[in-house]
Amino acid sequence: MDVKKYIASGILELYVAGILSEEQNLEIHGYAQKYPEIKAEIEAIEASILVISEKSSPGLAKNSFKKVKSRVGKVVSIQTKEIKTTPWTSYLGWAASIIFAVGLIWMYLENDKLKSEIEITSGEKQTLEEQILDIRGEVTDKNNILNQLRDKNVTVVSLGGQTISPTSFAKAYWNKEQQKVFIDAQGLPEPPPGFTYQVWSLKLNPLTPTSVGLLDDFMNNENRVFELPNANETEAFGITLEPEGGSKSPTLEQLYTLGAITT
Amino acid sequence: MELELLIQKFQNKEVSAFEKLYAMYSENIYGVINTIIRNPERAQEICQDVFVKIWEKSESYNSSKGRFFTWLLNIARNAAIDEVRSKSHKQQKKNLSTEYFVGILEGSEDLEGKMDTIGLKNLLINLKEKCVQIISLLYFQGFTQKEAAEELDIPIGTVKTRNRSCISQIRENMNI
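These protein sequence lines are chains B and W, in that order. Here the first sequence is numbered in this note's numbering, starting from 1 and rising by one per residue. Here the second sequence is numbered in this note's numbering, starting from 1 and rising by one per residue.
No wet-lab data here; the hints were simulated from the structure. Check before you lean on any hint, since a few could be wrong.
Stated by the list, open to error - Covered stretches of chain B, going by a simulated chain W footprint (3 or more residues, C-beta under 8 angstroms): (1) 9-17; (2) 22-33; (3) 38-45; (4) 55-65.
Just so you know, even glycine gets a beta-carbon here, dropped at the ideal spot from N, CA and C.
With the sequences and hints as input, model every part of the structure.
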């Protein structure tokens, strides 16, 4: 490259003026590092511009740098202040959002708890309603029983305890017209497993027993009042303990209660 | 080499380096700004702004992009032109500032005494008005070659050569 010709082209003057493209600036920077003459020429051009521009100045005050320095200082201190305040506000923001989030979670959990409590309560309510219905049903049942027992056609027979179980007792409410008998077995002990009570209608002369029925499902009948059909000309009722399913004739050794009809 | 070191320290935010650079270039920058806006008081404020700005943006300077003074000159010119535009006197100023610059240089006998031994008059020996105009446009106002050619009504190639010969004349005068 012809350095002298390059210098003479006047491009370096434009370089110092700062009006060339970025590529040209980069290129000349490279040449300046490669060719000392080019670097020296650039510096000489710059020096002349420095003189000219200096001469054009009306003259700055001697301590003019102080103002710049104070502004620079301010800028720096403002920046540090900003740095100090920024985390403050951001922490505050974070704290607020954390508190908010915790509050939100708490509210959610609380809501959930309340929801499940409502579910439990409504479940309980349903259970209670069912119990009320059950009780109403029971009351109706009991009223029915009571009404049946109060019927004027009912004959009441007390059945007393026998040798095998002297403390046992029972009552028979026999409605002859309707041909049914209610046995109140409240005074009988719980039958052992595999056994059941059997009710007999007795004719006394001669002693003829006829099975009236079984007191099945003894333990689950809370009232211990059993309704059985009885079309017999009964003179006495007896209750024996028999193997499950009942027997054809009563086992007299297992006669728990017995009562004759008094007319 | 010394200048490069100074610039490096300046970019590392050493205030002492900043102060040295300010001492080296503040009058030049003030002169350039005042030439464009023609208001010495306002020019001082803008000159301050420019130095505050270069301190804040010191990392944006890179020697591969040009001379440090050129970088400074560009920022100062832009700040001054922004000022002129804000006053919406742009067109008027462009036309007048060459004359103004010429006026400053020619009518500065009183400045001569205050300044260093190289008097302004010495610099202006043999310096034609054409030279003052082209230097004003290219260095003080940041005109591109094309804009300067249009402004002076000369071929674009002439801008570069004329400018070269004008700068050479000043350099010769400096050595007197």
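Return the numbers of the hints above that this structure violates; sort them in rising order.
-> No hint contradicted; all consistent.
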